[in-house]
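Visitor: Chains as they are written, first to last, in the working numbering: chain Z, 1 to 239; chain V, 1001 to 1175.
Honestly, the hints are just simulated from the structure, not real lab data.
Beta carbons: idealized from backbone N, C-alpha and C, even for Gly.
Hints are supplied without guarantee of correctness; some may be wrong.
As the list claims (entries may be wrong) - Estimated spans, in silico, between C-beta atoms of each pair:
no., chain 1, residue 1, chain 2, residue 2, range
1, V, Gly-1080, Z, Leu-182, 35 to 45 Å
2, V, Glu-1090, Z, Ser-150, 33 to 43 Å
3, V, Arg-1173, Z, Gly-23, 28 to 38 Å
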Amino acid sequence: MSEIQPVTPEPLIEARAITKSFGRTPALRGASVSVGAGEILAVMGPSGSGKSTLLHCLAGIFPPDDGEIVFGGQRLDQLSEASRTELRRTVFGFVFQFGQLVPELTAADNVALPLLLNRVRRRAAYQEAFGWLDRLGLEGKDGRRTGELSGGEAQRVAVARALAIKPRVLFADEPTGSLDSLTGERVMDLLVGLAREEGTTVVLVTHDARVAAYAEREVVVRDGKVATLEPSGTDGGLR
Amino acid sequence: MSVPLTLLGLLEREPSHGYDLKRDYDRYFGRGKPLPYGQVYATLARLARDGKALAGPAEPGDGPDRKRYAITPAGVAEVGAWLAEPAEPEPHLQTVLFAKVMLALMLGRPAGRYLDAQRAAHLRRMRKLTEVKRAGPLVDTLLADYGLFHLEADLRWIDTTSARLSELAEMVRAS
Chain Z
1 MSEIQPVTPE
11 PLIEARAITK
21 SFGRTPALRG
31 ASVSVGAGEI
41 LAVMGPSGSG
51 KSTLLHCLAG
61 IFPPDDGEIV
71 FGGQRLDQLS
81 EASRTELRRT
91 VFGFVFQFGQ
101 LVPELTAADN
111 VALPLLLNRV
121 RRRAAYQEAF
131 GWLDRLGLEG
141 KDGRRTGELS
151 GGEAQRVAVA
161 RALAIKPRVL
171 FADEPTGSLD
181 SLTGERVMDL
191 LVGLAREEGT
201 TVVLVTHDAR
211 VAAYAEREVV
221 VRDGKVATLE
231 PSGTDGGLR
Chain V
1001 MSVPLTLLGL
1011 LEREPSHGYD
1021 LKRDYDRYFG
1031 RGKPLPYGQV
1041 YATLARLARD
1051 GKALAGPAEP
1061 GDGPDRKRYA
1071 ITPAGVAEVG
1081 AWLAEPAEPE
1091 PHLQTVLFAK
1101 VMLALMLGRP
1111 AGRYLDAQRA
1121 AHLRRMRKLT
1131 EVKRAGPLVD
1141 TLLADYGLFH
1151 LEADLRWIDT
1161 TSARLSELAE
1171 MVRAS
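Next up, chain V with everything else stripped away, as it sits in the complex (with noise of 0.2 Å):
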């Protein structure tokens, strides 16, 4: 999962400090692996330095760095090209997916659009697996089945998820 455009995500909802950013990725996105500060505000400085966020003047207050980020225009395009594109179907993509469909409801972006997306790039890959099969040696049918099977899980992920869309929206906006 990408850690600079997740966050730039999160500062897509607001103005926040690298305290806040932290606090929220390690909720919704950590799962038992918390980002490390150090983490946090080297990625935060770099994003500033590619002109996709903005760090406001330090305030004063204690800890390593009290300055408040915002993010730019370029920064807003950057999250809602990387939410639109469908990752390269492969096995094991669940956190990333999870990470888009969570970022998005944050935001009020079409999750919904997005999964459908991701489907679709699925079913494309899968057809050529399955050609794959159907003209090849039993060996390749054995290594296309093992994608196939995979993205298969992939997309009850993606259609158990899209049938929780809106369970999931009240959920986000409640918290």
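So that you can see chain Z by itself, here it is in the shape it has in the complex (with noise of 0.2 Å):
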């Protein structure tokens, strides 16, 4: 079991003046992010200015140099590497602009191996596949290798495959990057319709504003820091 609690303080996530460098580069220099449970929150930034590592550290694939990650009331940024990988694997859903599915697998296959992973039996976690990918438009495409997909089949499959595992927190960076217009839309309708209904948390790094605009608020991180943009009238500066 992981050492993360079910429990649902306000907010449900956390980063609290974090750093991160790489080498001598600092990617990230004191960011703080709050994100509600339930919530869909845009991170937005221009190419290099440390979005795509602060969700990173978020989700606890990298662990911040200073600075706290909460998660549900307790501190990821101090949990075991094992502990981190248990709670990607149980609690958080990915989903990137690609690589993350396996080509020479099925459609199928690929949404039912974390529901494997996760110890679910075979059957339950083919019914569970077949039924995520029914609700992704996906009908019949489940036998199909995801390899010989569409670009915008294949990234449903992995929004079906992040969601599947019924994450508290589903990570997307850049999710219809390489999509053409019209099929990302879909993918976002579809990916922003699910976990509204499932009421997954949702963190989406973009530098597209018509893919933000789905969110139901915004980010820019500029310079490793994070920026929050707020309503007229407000300070608006770098926290």
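With the hints in hand, could you dock these two chains into one complex?
Guide: Here is the structure:
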């Protein structure tokens, strides 16, 4: 079992003044952000601003050099690598621009895989996988290898795979970055619609304002810090 | 673009004659459409009437109006409120946003914060249009798409301008 207990204080996940460098290159310089339970947050910013690094730190993929990551009221940055790995397998879902599917496996295999890793019985895992593929409009595609699917279909399989474990937080890094405009919209419609139905918290990294417009709130990462875009008349400066 | 507010903003830098204001307006904001002298003096008279500017005594010399105008505290407050208030997000805002950024830099006001506020206003509008698309019929989707693509173009300009603010500020200071 994960060390994280299923309690839901507000916010659900939070970065507090985190820093992260790769070698001598600083990526985050005291970034702070909080995400409420069930919220869909867009993280925007120019290339190299640190937005993907922030997502990786929030998801426990990279431990920050300094600062705190708090998930469900507990310090994620203090967990062991094994515990963070378990968390990522059982509580967090991921959709990346590409690369997270196994192209030699079928769509159903790919969606069932994380369930099987979580010790769900084979028949139940595949039933769940078929159900998610249907919800994503991929009826009849379950037996196709994902390497043979179109970009949009493959990305919908990736969304199905991420949501199949019923994650508390879905981390999406440029999920439509390799898709054309209309296909990207279809993927975002499904991702956001299903996340809302399931009450899943979403952290969505994107440089695309039209993708960010699917979120309920947005923050901008600049030079490794998070700038919150506040309504007129309030301080919208760097935090 | 609001000519009275832009002239008022130029007055905030320093008390000026109508001639100086016209020269600077044409240089920064005219874009090939010089402001007629008549409009400059009529606007200054209205600003003085409304308590946003003060006209000094007439000075000796040629020309239609040799008064030096100075901004009042009410005028300063009006310029500040105008700069801070995001414009209604709609297509073809470029001239208003451009004027606000340039004036903010001239006056040493926080241009980056104004751009952030405008950015947030644009994204709020884009969220509403996205919801329209998700819930509405195809005709609504097409109309929403039109708005979204134009707002996205504005946002790209806002992002690029944000990245160039330091360079722009140096240019404004040097000129």
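Visitor: Each hint needs a verdict: does it hold in this structure or not?
Guide: A quick look at each hint next to the structure:
Checked against the given bound of 35 to 45 Å, the beta carbons of V:Gly-1080 and Z:Leu-182, roughly 44 Å apart, stay inside it. V:Glu-1090 and Z:Ser-150 have their C-beta atoms about 36 Å apart, which keeps the hinted 33 to 43 Å range intact. Judged by the Cβ atoms, the range 28 to 38 Å given for V:Arg-1173 and Z:Gly-23 holds: they are separated by roughly 36 Å.
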